[in-house]
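The task is simple: from the sequences and hints, build the whole structure.
4 protein chains.
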Amino acid sequence: MSGNSFGNIFKITTFGESHGEAVGVVVDGVTPGVEIDEHYIQAQMDRRKPGQSSVTTPRKEYDIIQILSGVFEGKTTGTPLFIMLHNKDMRPEAYDDIKYAFRPGHADFTYLKKYGIRDHRGSGRASGRETAGRVAAGAVARKLLEHRGVSVVAYTKEIGGIKCDAFIEREIEQNAVRACDPAAARKMIEKIHHLASVGDSCGGIVECRIRGVNPGIGEPAFDKLDAELAKAMLSIGAVKGIEFGAGFSAAEMLGSEHNDQMDSSGFLSNHSGGIIGGISTGNEIIFRVAVKPTSSISLPQKTMNVHGEEQLIVTEGRHDPCICPRIVPVVEAMACLVVEDQYKRQAALIHA
Amino acid sequence: MSGNSFGNIFKITTFGESHGEAVGVVVDGVTPGVEIDEHYIQAQMDRRKPGQSSVTTPRKEYDIIQILSGVFEGKTTGTPLFIMLHNKDMRPEAYDDIKYAFRPGHADFTYLKKYGIRDHRGSGRASGRETAGRVAAGAVARKLLEHRGVSVVAYTKEIGGIKCDAFIEREIEQNAVRACDPAAARKMIEKIHHLASVGDSCGGIVECRIRGVNPGIGEPAFDKLDAELAKAMLSIGAVKGIEFGAGFSAAEMLGSEHNDQMDSSGFLSNHSGGIIGGISTGNEIIFRVAVKPTSSISLPQKTMNVHGEEQLIVTEGRHDPCICPRIVPVVEAMACLVVEDQYKRQAALIHA
Amino acid sequence: MSGNSFGNIFKITTFGESHGEAVGVVVDGVTPGVEIDEHYIQAQMDRRKPGQSSVTTPRKEYDIIQILSGVFEGKTTGTPLFIMLHNKDMRPEAYDDIKYAFRPGHADFTYLKKYGIRDHRGSGRASGRETAGRVAAGAVARKLLEHRGVSVVAYTKEIGGIKCDAFIEREIEQNAVRACDPAAARKMIEKIHHLASVGDSCGGIVECRIRGVNPGIGEPAFDKLDAELAKAMLSIGAVKGIEFGAGFSAAEMLGSEHNDQMDSSGFLSNHSGGIIGGISTGNEIIFRVAVKPTSSISLPQKTMNVHGEEQLIVTEGRHDPCICPRIVPVVEAMACLVVEDQYKRQAALIHA
Amino acid sequence: MSGNSFGNIFKITTFGESHGEAVGVVVDGVTPGVEIDEHYIQAQMDRRKPGQSSVTTPRKEYDIIQILSGVFEGKTTGTPLFIMLHNKDMRPEAYDDIKYAFRPGHADFTYLKKYGIRDHRGSGRASGRETAGRVAAGAVARKLLEHRGVSVVAYTKEIGGIKCDAFIEREIEQNAVRACDPAAARKMIEKIHHLASVGDSCGGIVECRIRGVNPGIGEPAFDKLDAELAKAMLSIGAVKGIEFGAGFSAAEMLGSEHNDQMDSSGFLSNHSGGIIGGISTGNEIIFRVAVKPTSSISLPQKTMNVHGEEQLIVTEGRHDPCICPRIVPVVEAMACLVVEDQYKRQAALIHA
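Protein chains in written order, with my numbering: chain A, 3 to 354; chain B, 3 to 354; chain C, 3 to 354; chain D, 3 to 354.
Please note: incorrect hints may appear among the correct ones.
Copies of the same chain look alike in the list, so a pair counts if it works inside one copy or between any two.
Below, in silico cross-link-like pairs of lysine-lysine (DSBU-like), each with a Cα-Cα straight-line distance of 35 Å or less [unchecked claim]:
id, residue 1, residue 2
1, Lys101, Lys51
2, Lys77, Lys193
3, Lys90, Lys101
4, Lys189, Lys115
5, Lys90, Lys77
6, Lys304, Lys77
7, Lys77, Lys165
8, Lys193, Lys165
9, Lys51, Lys77
Worth flagging that the hints you see were computed from the coordinates, not collected in a lab. The model shown is predicted, which means the values in this text are computed figures rather than measured ones.
In structure tokens form, the structure reads like this:
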């Protein structure tokens with residue numbers, strides 16, 4: 003059934019397959035009267051697009067967005083924004099040889115089992131291409147959050163076992179992997195170049211910080227701020243886990259260590275990651291997501307085809323050896339969508 | 003706004019505070035004609051209740067459930083099940099000394115900031131007591147899943163740094179911590195007894211396995227099976243993270259390692275944790291959640307009160323030094339709710 | 003699937019069968035910090051209950067409500083209100099003779115076809131008893147609307163062909179049929195007594211006026227204020243139609259007559275019924291609902307039973323010959339629910 | 003907030019303003035594997051478009067639809083269908099003189115009050131143009147309903163006081179007003195020509211019949227089949243009322259008349275309009291909607307402008323003197339959307 007919408011009050015609906023004619027998004031529930039233009043959104047799209055650097059796929063997506071409704075004379079009208087991108091540089095024929103085979107790590111098998119039919123061209127709806135609409139919508143949310151004094155930044159924390167030691171925020175957009183530590187970034191890039199040369203791929207960890215959120219945002223018992231962020235992040239194709247604040251390391255901590263004590267100036271630590279009881283504390287919200295290695299590799303792998311026959315498969319094509327750098331803007335976009343939606347829910351709750 | 007419902011087609015709504023008069027749940031969207039009785043549900047409630055063993059709080063909850071609607075002559079009618087538990091053994095006066103202070107790790111501060119008012123008696127709505135309704139509803143989902151051939155089992159994988167080496171399923175319900183390794187269980191119990199004696203607490207990791215799910219269950223692009231499970235788990239108070247299959251360790255794997263290759267008999271590994279592209283593969287679904295140390299400890303901690311004054315606080319009362327054993331049935335319940343809901347969504351999608 | 007919730011942000015979920023153990027409602031999304039008590043809600047319940055006068059069923063419902071959560075020290079906390087009524091005076095055995103027969107006008111046949119099972123005791127979930135929870139929740143909404151300066155009043159406009167000529171608001175609660183014209187009320191009561199004596203029933207029209215709603219309330223394109231009110235009203239068992247402002251008579255009007263022209267003081271007429279483009283104009287919102295004759299009559303009627311056999315049926319029991327007087331508070335309650343929900347949606351839209 | 007989606011499982015989201023760049027719809031929850039093409043949808047669009055005959059506006063909308071996602075090799079894939087129409091023949095400058103004035107009967111005033119900003123070009127989002135997306139989506143639903151054996155037909159029953167006496171279904175699409183009685187149609191056309199010549203407009207009544215729906219479709223207690231149809235119809239701009247079966251005339255009927263008695267062959271009458279207790283009976287579902295006179299007339303009317311000044315206004319432009327003929331396909335489309343959605347909900351409820 004209908005799982006292609008996200009959000010409650012600030013709500014997006016995406017559509018489009020990677021090698022269909024277009025992808026896009028309808029953004030509903032947008033505050034009216036806010037100045038926004040295509041350049042603001044385009045800037046975020048450009049961070050997501052392939053072909054940005056030597057570590058991403060050389061595939062081109064001419065992601066020039068169009069806002070086709072919901073903005074009048076430069077301002078939002080409160081009616082749905084519709085943002086579309088035509089697909090170009092499509093080479094559906096490049097996928098002819100995988101028409102019948104299930105590529106390991108891809109959703110080929112599960113889509114066929116679910117729908118009984120599969121658009122085999124470049125993963126169809128399961129492609130990372132679907133996230134283009136999310137990033138466009140996330141830019142709209144980001145603009146609204148700017149007015150609330152909220153900012154969102156994500157970055158690569160780890161790639162292929164190489165961890166960032168330092169956190170230097172201004173360096174993030176200065177290196178091709180969007181790592182927060184330039185020394186680590188250099189090693190990550192080297193590793194990615196090596197993997198590209200041998201036809202393999204690797205995973206990593208992306209961290210996200212949300213600043214400026216008032217205490218009191220989040221909707222218990224089920225739509226807690228962390229619960230909604232977790233859903234948002236796990237809805238991104240390559241993400242296999244999420245942790246907030248101390249996260250999994252909390253499993254080895256004592257209560258006397260993990261509890262964030264307070265004095266009159268506020269919290270003395272932030273092991274909770276800025277969320278307690280599903281509601282923002284006013285501290286920085288911090289979480290990390292686990293990103294799996296890109297499924298498309300050019301090493302031969304065992305698989306089955308739709309006829310139940312075994313075969314070896316080599317995924318040709320133009321793919322990212324590590325998706326972390328390009329997932330960063332998607333993580334930010336989804337975080338923006340969640341936080342703006344939760345702010346609107348809080349307004350609904352308390353405004354008489 | 004209204005964040006107290008969970009699910010789309012099979013949908014629950016919970017209500018109740020820990021020291022109010024009752025807690026309970028309305029379960030909507032229940033398949034009609036299914037035999038269910040209070041004993042079946044009660045059995046799950048008994049696994050969640052406090053006072054089960056030496057490692058849980060001695061506090062008593064007389065969780066004798068009542069089904070007050072939706073069942074007629076022993077069968078579900080398709081109308082909402084209403085299941086209620088009266089609160090007893092309430093000692094609201096025990097909370098008088100925390101009326102003004104914010105207990106570290108608790109949602110006292112965030113609830114006050116959100117709502118501008120707080121029911122200070124035993125955490126109010128933020129109490130673990132809220133999960134009673136979830137477990138009752140989860141039992142209904144579990145019964146429906148039995149008819150689909152689906153089973154769900156969770157267990158303690160790690161407590162306070164002590165990890166299970168073995169996985170012996172029949173041992174899980176035989177030890178007080180619900181660990182899957184009896185040797186580790188003994189050490190865990192010892193550790194908990196020690197922490198109780200010194201007034202501290204610890205965290206752990208709970209793992210869950212869902213078996214018998216057909217390939218094809220899950221609703222991209224946003225309501226993916228893993229996304230919904232992540233939301234469900236993070237909506238549980240003490241949970242701070244989740245990972246599927248290889249999870250965070252995927253960050254250090256190569257694509258050639260992580261990809262689940264296939265032969266004609268099916269998948270050759272399960273690093274994906276039984277979900278690819280947000281849809282079940284037919285393999286066992288496996289995930290782990292990070293459980294933070296219980297916030298209530300009797301060691302003195304620094305905090306602030308509602309007047310902005312600093313103070314030391316000692317959380318008296320009857321609390322679990324580690325909540326893992328009692329979170330196990332809650333994790334199972336939430337997993338049951340998600341999977342049954344997703345099965346119903348698949349039925350809606352494909353049945354002409 | 004789950005059709006037992008109503009509303010988006012201010013959301014209610016009802017449960018309960020007429021001859022089960024209890025009926026009730028969970029009210030989610032309630033503004034915190036609002037004073038409310040059981041007496042305020044009970045006053046509305048008393049207007050709905052049977053046995054109020056000679057024109058209603060002598061059946062007793064001891065609708066003493068209990069608020070079991072969501073209120074602390076006399077104020078709402080922002081967590082779900084749970085309001086319950088135990089069923090008493092149940093005589094399920096009175097329904098034994100209709101166990102297999104489908105009563106004309108009742109939902110016996112359709113429930114069996116839908117669910118494959120039927121709680122035959124007094125219409126089960128399809129009973130007017132289900133509206134008790136709606137009225138309780140509506141009282142909560144009414145309290146919130148009082149703070150917004152909004153009031154809602156409904157009344158009988160027509161019964162069995164007898165129409166009100168005058169509109170004298172203070173008379174409404176002074177006569178047994180809740181008519182807005184005391185002269186008409188006397189004739190209506192006479193007619194109802196006559197129908198009761200011959201074992202028949204009749205229908206009528208109930209009108210509702212909502213005052214004090216700011217211009218700007220309503221959510222196009224689909225959740226328009228009139229669209230949501232229409233859904234709300236048609237969800238009441240006996241209602242078969244609704245019209246706003248000029249309503250069906252607009253079919254015979256010219257545009258030059260129907261258009262509400264303006265001068266600098268505002269609208270010069272209100273043929274639109276206070277809603278244009280699905281959004282409130284600031285004028286009084288006015289609509290009428292068509293109420294069908296009570297289905298339960300004691301005249302013999304032809305029907306079929308579950309075995310496909312023809313039979314005559316006489317509906318014994320204690321029923322209202324005309325349900326209009328008791329539907330009035332239900333219409334008001336549903337109107338309150340819609341308007342409060344829409345106000346909250348507007349707050350979510352515009353508050354930065 | 004987000005009111006631009008309709009449906010639960012089969013769900014549509016529309017966007018677009020009348021004089022923006024495009025209008026369209028995302029259709030989510032579509033059964034996979036169903037053959038559908040643009041011609042099938044285009045045929046419905048052509049019934050809605052302006053300029054079809056002498057009784058509709060001569061304005062041209064080149065409603066050539068494009069399906070840009072969700073269909074692969076002629077079949078639905080289960081992913082969202084995206085259907086778009088570019089706006090052409092736009093003359094936004096034609097609306098310059100109403101930039102500041104509130105046109106009587108139009109949503110100019112209410113949109114400005116709600117959003118604080120207004121796209122004044124041709125009613126913006128409040129334009130009938132918005133229904134283009136509904137008709138496109140309705141065609142998809144109609145195709146799915148064909149497989150279920152369900153058909154939907156609407157037609158003009160009354161225009162400007164002229165009523166159809168006969169019901170001759172094959173005549174409906176043979177006359178310019180889509181009336182079910184050719185004799186009445188001729189008088190209606192004459193009346194419309196007259197009104198066009200004097201610059202006025204008129205209202206009417208459209209009736210809809212849904213056939214082939216199994217007994218058991220509809221979701222009590224709130225999402226009843228009639229409740230959802232009522233919401234759907236009242237969400238159409240010009241509709242001011244709805245009645246099912248006997249409808250408002252039930253107010254003057256006795257229970258012994260209105261009750262649909264049964265014999266072993268089924269119901270002996272259909273005063274209920276095919277829905278009892280919110281669930282389909284298996285009989286033809288029949289309802290009527292009240293359509294207000296077109297708001298745009300060229301007679302001078304009193305109004306106010308945004309500066310609070312009084313003025314006379316004459317609505318120039320190309321408008322339909324009566325919208326009934328063109329509302330017929332919109333009514334059908336919305337009915338199709340509701341019924342398909344409810345069928346899917348029933349599948350979710352009962353399929354194990």
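Hints versus structure:
no.	hint	verdict
1	Lys101 with Lys51	within (26 Å within a copy, 40 Å between copies)
2	Lys77 with Lys193	neither (45 Å within a copy, 43 Å between copies)
3	Lys90 with Lys101	within (21 Å within a copy, 39 Å between copies)
4	Lys189 with Lys115	neither (40 Å within a copy, 44 Å between copies)
5	Lys90 with Lys77	both (29 Å within a copy, 22 Å between copies)
6	Lys304 with Lys77	between (53 Å within a copy, 30 Å between copies)
7	Lys77 with Lys165	neither (43 Å within a copy, 47 Å between copies)
8	Lys193 with Lys165	both (12 Å within a copy, 32 Å between copies)
9	Lys51 with Lys77	both (26 Å within a copy, 30 Å between copies)
Hint check: violations occur at hints 2, 4, 7; the rest are consistent with the structure.
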